[in-house]
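Given the sequences, and given the hints that come with them, work out the whole structure.
Residue numbers (the working numbering), protein chains in the order written: chain A, 1 to 559; chain B, 1 to 355.
Hints in this document: simulated from the structure, not taken from any laboratory.
Note that the Cβ used here is the ideal one computed from N, Cα and C, for glycine as well.
Hints are not guaranteed to be accurate.
Residues of chain A placed beyond 12 Å of chain B at every Cβ, according to the derived structure [unchecked claim]:
| # | residue |
| --- | --- |
| 1 | 12 |
| 2 | 14 |
| 3 | 83 |
| 4 | 266 |
| 5 | 296 |
| 6 | 331 |
| 7 | 457 |
| 8 | 466 |
| 9 | 468 |
Here are the simulated distance ranges between beta carbons [to be verified]:
| # | chain 1 | residue 1 | chain 2 | residue 2 | range |
| --- | --- | --- | --- | --- | --- |
| 10 | B | 23 | A | 469 | 31 to 37 Å |
| 11 | B | 185 | A | 448 | 42 to 48 Å |
| 12 | A | 469 | B | 185 | 33 to 39 Å |
| 13 | A | 14 | B | 166 | 39 to 45 Å |
| 14 | B | 132 | A | 351 | 46 to 52 Å |
| 15 | B | 273 | A | 16 | 43 to 49 Å |
| 16 | B | 236 | A | 469 | 44 to 50 Å |
| 17 | A | 14 | B | 119 | 45 to 51 Å |
| 18 | B | 56 | A | 472 | 23 to 29 Å |
| 19 | B | 166 | A | 297 | 45 to 51 Å |
| 20 | A | 388 | B | 66 | 23 to 29 Å |
| 21 | B | 15 | A | 272 | 27 to 33 Å |
| 22 | A | 388 | B | 21 | 23 to 29 Å |
| 23 | B | 56 | A | 268 | 21 to 27 Å |
The lines below spell out each chain.
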Amino acid sequence: MTRSFDLSRTVLAAVAALLAAMIALPVGWLLVVSLTAKDGGVTLANFVALFTDPTFVDPLITTLIIACSVSAICCLVAAPLGWLVARTDMPFARTIRMLVMASLVTPPFVGAIAWEMLAAPNSGLLNQLWRLLSGMPPDEALFDIYSLGGLIFVISCYTFPYVFILVANALDRMPGELEDASSMLGARTWQTARLITVPLALPTLLAGALVAFLQALNLFGSPAILAIPAGFHTLTTRIWSLFQFPPKPELAAAASVPLLVLTVVLLRAQAMALGRRGYAVLGGKYGAPRPIRLGLLRVPAVALALFVLAMPLFLPYAALFNSAFSRVASRIVGPETITLHNVKFTFLELSSTMPALKNTFLLATASATLGALLALMIAYIVARKAVRGYRALGFLATAPLAIPGIVLGVGLFLAYTRPPLALYGTLWILLIAFVTIELPAAYQQLGSAFHAVHPELEEAGRMLGATRLRTLADITAPLLRSAVIATWCFIFVATIRELSAAVILFTSETKVLSVLIFDLKESGDVGAIAVLSLTMVAITTVVIAAANRLHARPQSRPA
Amino acid sequence: MASVELKGLSKHYGAAVAVDDVSLRVEHGQLVCLLGPSGCGKTTTLRLIAGFIEPSSGEIQVGGKVLSSSSRTVPPEGRKMSMIFQSYALWPHMTVAENVAYGLKIRKLDRATIESKLKAILSTARLEALAERYPGELSGGQQQRVSLARALVVEPETLLLDEPLSNLDANLREEMRFEIRRLHDQYRYTTVYVTHDQAEAMTTADLIAVMNKGRVEQLGPPEEIYGRPRSEFVARFIGGSNVLGATALDESRVSVAGGVLRTTGRTLVAGRSVAVSVRQHEIGLGLQSPSAETENRLRGVVTRQVFLGATRDYTVTLDDGTELRVTTPPGQNITPGQSVWLHLPAEQCRALAEE
Numbered sequence: 001m002t003r004s005f006d007l008s009r010t011v012l013a014a015v016a017a018l019l020a021a022m023i024a025l026p027v028g029w030l031l032v033v034s035l036t037a038k039d040g041g042v043t044l045a046n047f048v049a050l051f052t053d054p055t056f057v058d059p060l061i062t063t064l065i066i067a068c069s070v071s072a073i074c075c076l077v078a079a080p081l082g083w084l085v086a087r088t089d090m091p092f093a094r095t096i097r098m099l100v101m102a103s104l105v106t107p108p109f110v111g112a113i114a115w116e117m118l119a120a121p122n123s124g125l126l127n128q129l130w131r132l133l134s135g136m137p138p139d140e141a142l143f144d145i146y147s148l149g150g151l152i153f154v155i156s157c158y159t160f161p162y163v164f165i166l167v168a169n170a171l172d173r174m175p176g177e178l179e180d181a182s183s184m185l186g187a188r189t190w191q192t193a194r195l196i197t198v199p200l201a202l203p204t205l206l207a208g209a210l211v212a213f214l215q216a217l218n219l220f221g222s223p224a225i226l227a228i229p230a231g232f233h234t235l236t237t238r239i240w241s242l243f244q245f246p247p248k249p250e251l252a253a254a255a256s257v258p259l260l261v262l263t264v265v266l267l268r269a270q271a272m273a274l275g276r277r278g279y280a281v282l283g284g285k286y287g288a289p290r291p292i293r294l295g296l297l298r299v300p301a302v303a304l305a306l307f308v309l310a311m312p313l314f315l316p317y318a319a320l321f322n323s324a325f326s327r328v329a330s331r332i333v334g335p336e337t338i339t340l341h342n343v344k345f346t347f348l349e350l351s352s353t354m355p356a357l358k359n360t361f362l363l364a365t366a367s368a369t370l371g372a373l374l375a376l377m378i379a380y381i382v383a384r385k386a387v388r389g390y391r392a393l394g395f396l397a398t399a400p401l402a403i404p405g406i407v408l409g410v411g412l413f414l415a416y417t418r419p420p421l422a423l424y425g426t427l428w429i430l431l432i433a434f435v436t437i438e439l440p441a442a443y444q445q446l447g448s449a450f451h452a453v454h455p456e457l458e459e460a461g462r463m464l465g466a467t468r469l470r471t472l473a474d475i476t477a478p479l480l481r482s483a484v485i486a487t488w489c490f491i492f493v494a495t496i497r498e499l500s501a502a503v504i505l506f507t508s509e510t511k512v513l514s515v516l517i518f519d520l521k522e523s524g525d526v527g528a529i530a531v532l533s534l535t536m537v538a539i540t541t542v543v544i545a546a547a548n549r550l551h552a553r554p555q556s557r558p559a
Numbered sequence: 001m002a003s004v005e006l007k008g009l010s011k012h013y014g015a016a017v018a019v020d021d022v023s024l025r026v027e028h029g030q031l032v033c034l035l036g037p038s039g040c041g042k043t044t045t046l047r048l049i050a051g052f053i054e055p056s057s058g059e060i061q062v063g064g065k066v067l068s069s070s071s072r073t074v075p076p077e078g079r080k081m082s083m084i085f086q087s088y089a090l091w092p093h094m095t096v097a098e099n100v101a102y103g104l105k106i107r108k109l110d111r112a113t114i115e116s117k118l119k120a121i122l123s124t125a126r127l128e129a130l131a132e133r134y135p136g137e138l139s140g141g142q143q144q145r146v147s148l149a150r151a152l153v154v155e156p157e158t159l160l161l162d163e164p165l166s167n168l169d170a171n172l173r174e175e176m177r178f179e180i181r182r183l184h185d186q187y188r189y190t191t192v193y194v195t196h197d198q199a200e201a202m203t204t205a206d207l208i209a210v211m212n213k214g215r216v217e218q219l220g221p222p223e224e225i226y227g228r229p230r231s232e233f234v235a236r237f238i239g240g241s242n243v244l245g246a247t248a249l250d251e252s253r254v255s256v257a258g259g260v261l262r263t264t265g266r267t268l269v270a271g272r273s274v275a276v277s278v279r280q281h282e283i284g285l286g287l288q289s290p291s292a293e294t295e296n297r298l299r300g301v302v303t304r305q306v307f308l309g310a311t312r313d314y315t316v317t318l319d320d321g322t323e324l325r326v327t328t329p330p331g332q333n334i335t336p337g338q339s340v341w342l343h344l345p346a347e348q349c350r351a352l353a354e355e
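Next comes the structure, spelled out in structure tokens:
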């Protein structure tokens, strides 16, 4: 590289220091504290307690059971659904694909609250309906959402879309010729599906299973809402409980370590599973795959898809709207009973709503701006190999992927409750947490955007006499604009719905929307919870829609 | 405009050597082709000239000024060069006119000058009608012409071309070869042109530098490269050549497959092994035993024959198993299995340099 990029060393040092403060410091303190005894000496006592005390061992086992079950259920649901949508002539396939992806807009803890409204043993709407139809006495219940099974079900509802997207996209990209070649050799449609399509999609499904496992492993909201009333803990809720009075941060630190290690190992496994997916990266001109004709099975296929969609989407939203506009959440709202009472109460009377909304918007805007800028800088440095050591930067930017939100929360708590940076109790610590959590995805998005901008486009500018900075402004920036805006929106949305780190790091002055909803659970104000949840989903939807519209706008006029 | 001179230019990436001690002088207004297979270092050499990378050792001078050395490299924007990229690198968010005028705007020319220069180059490149289109709306050939126009409009001292025709289909490629040569004759920029296609190099270049493994194997005008290859690599890479393993008998004669060939090219040392190249279409093929003359005649059996329309392509196996490819006029039809005599004229048998 030429010497004209004089700032390179300074920039590199600044970015590296920032990343270290965001990642190395919390993880470092986490490890140090977990190995420190009360008197300051080095000890393994915290880990001994972790693996002998039943109040730690049971949550660990429960968490593994949940993660395995969720992973299996997600694959069983997502694989057939993904195949139906991507490879068959099922009617409304595009709509169904869109709706599955739309169900991801729901924050998992909002989904859990909605399912409480639907399937709590007494007040649950589905249980009431069942009692009405069967004439059972009021203490009988068909569903009990406060159970291990209920928890697994709810987590699966909001995890299977991830697996679905992976599988459907992989099936989309699979060259049609691979199946045609099998047909030419005499294989029937179903033989081809079994011998060619499924084996080619298997690595993706394996990766999907690992994604689901990780999601279930590190989720805090749903277990906190459903497992604690049921009288059991998962690893994440147990870590959180150690921050309740009297706080035991050293045990929380120790309990975070297995979560961290497991996540790192599983991410490695996932990268390996996806790395073997060789067919996706092959170049050349391939035809689009021919859809498989379902014939008479078309109607049952749509019915199945709609039934699956009812679980994360139709039923929960029906319950949320019902609670938001009804005086009593456990009654179905009718034309006479519909009321705006809950909306008024939430926005006008509830004193914590406005500060929480203000904090949320402030944090989301700051995190999105800071995160997008940081990701842009790192993506540029890595994509154009602008300074020595660019590889290390790329690695650091992806590293937070391996740190579960709650673990990062614990780490940041430990790192920033002590001098010189006593940030605990301020919005800064939440800002650091959110930027750190969203950095990997933002960096990956912008990194692939840089990949799409051929380096020769920049070199052509340099050859015509433009400096590096001028080239960035004239050529790179306009080409990346929509990607940067999309990344900004992505971080904004993700920050609004973040709960697991926020729940460790918030104080009464720095409450955000997600924490407010979680807190209202204690007071049992279902109407306000429903209104706030719908508000959060509405904001999210609007921002995502705006980002999509921008992203879809073509770079040049159509031919 | 100025001459371009590379002096002992090398580029290492760790232990890997991409460019190895290349020295080359391109005179003012000359067009030099760097020709070689992929991985031979030609593109790295071009990017060194452009200033995108720094040399590990050696230097690059343009018009007597040092632009690149291992200690100091003038950045690309300071070199008064233009480059045509393999991908064309047209900016998708700018129209044809905006793409072409970009370099003029960077040079802070006034609006009227930009307008007139833009108009002139668009008409030379036959692009007037497309000025307001976006690159995504153009065909490959049109994109190529835009990239030429964008590079030429700034009147560079040096023009660099990186495999500019490799993304075009065969007909268009042939047309653009002549187009590039025509524009070169019109503007006479000192030009360095990188390609792996020998026909492209033959049509466009004043001088060809054949590159292999980071080195220049031979530098010369197209006729010389074709007619007098100095190494086995050049002989094989340029045109179809048979390369025979032989043993020198004296200063000019060698023994091969039981026969004796008189060769040209260099003075031989008796007893040494030597490689001899003969082009396919310079070998005579006949059924009859030739006259008393025995030198430069070899016996063989036709093992394969293909009719190619304008020519026939024979494979002849000599007594010791060596296979020779021979191209003859289409009228001469000899079926496989027949014995033939080959005539390899002495002036076409070139003894190659020892590797």
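Tested hints:
With a cut of 12 Å on Cβ distances, residue 12 of chain A stays outside the contact zone with chain B, its closest approach being about 19 Å. Interface exclusion of residue 14 of chain A from chain B stands, the closest Cβ pair being 23 Å apart, more than 12 Å. With 12 Å as the threshold on Cβ separation, the claim that residue 83 of chain A sits away from chain B holds: the shortest Cβ distance comes to roughly 34 Å. The claim that residue 266 of chain A lies off the interface holds: its Cβ sits roughly 34 Å from the closest Cβ of chain B, which is beyond the 12 Å cut-off.
No Cβ of chain B approaches the Cβ of residue 296 of chain A within 12 Å, the least distance being about 44 Å, so the stated non-interface status holds. At roughly 57 Å, the least C-beta separation between residue 331 of chain A and chain B is larger than 12 Å, which holds for a residue marked as non-interface. Not every Cβ of chain B is farther than 12 Å from the Cβ of residue 457 of chain A; the closest lies at roughly 5 Å, contradicting the non-interface assignment. Non-interface call for residue 466 of chain A relative to chain B: violated, since the shortest CB-CB distance, roughly 5 Å, does not exceed 12 Å.
Residue 468 of chain A, annotated as away from the interface, has a beta carbon of chain B within 12 Å; the closest lies near 8 Å. Restraint check, residue 23 of chain B to residue 469 of chain A: a C-beta distance of roughly 35 Å satisfies the suggested window 31 to 37 Å. Restraint check, residue 185 of chain B to residue 448 of chain A: a C-beta distance of roughly 44 Å satisfies the suggested window 42 to 48 Å. About 38 Å separates the C-beta atoms of residue 469 of chain A and residue 185 of chain B, a value consistent with the hinted range of 33 to 39 Å.
Separation of residue 14 of chain A from residue 166 of chain B is about 42 Å and conforms to the stated range, judged on CB atoms against 39 to 45 Å. For the pair residue 132 of chain B and residue 351 of chain A, the beta carbons lie near 59 Å from each other, so the given range of 46 to 52 Å is not met. Between residue 273 of chain B and residue 16 of chain A the beta carbon distance is about 59 Å. The supplied range of 43 to 49 Å is therefore violated. Checked against the hint of 44 to 50 Å, the pair residue 236 of chain B and residue 469 of chain A passes, with Cβ atoms roughly 48 Å apart.
Restraint check, residue 14 of chain A to residue 119 of chain B: a C-beta distance of roughly 47 Å satisfies the suggested window 45 to 51 Å. Range check, residue 56 of chain B to residue 472 of chain A: about 28 Å between beta-carbon atoms, so the 23 to 29 Å window is met. The hint said 45 to 51 Å for the Cβ distance between residue 166 of chain B and residue 297 of chain A, and at roughly 49 Å that hint holds. Residue 388 of chain A and residue 66 of chain B have their C-beta atoms about 25 Å apart, which keeps the hinted 23 to 29 Å range intact.
A hinted range of 27 to 33 Å for the beta carbons of residue 15 of chain B and residue 272 of chain A is consistent with their spacing of about 29 Å. A C-beta distance of roughly 26 Å is found between residue 388 of chain A and residue 21 of chain B, which places it inside the suggested range of 23 to 29 Å. Range check, residue 56 of chain B to residue 268 of chain A: about 37 Å between beta-carbon atoms, so the 21 to 27 Å window is missed.
Of the numbered hints listed earlier, those contradicted by the structure are 7, 8, 9, 14, 15 and 23.
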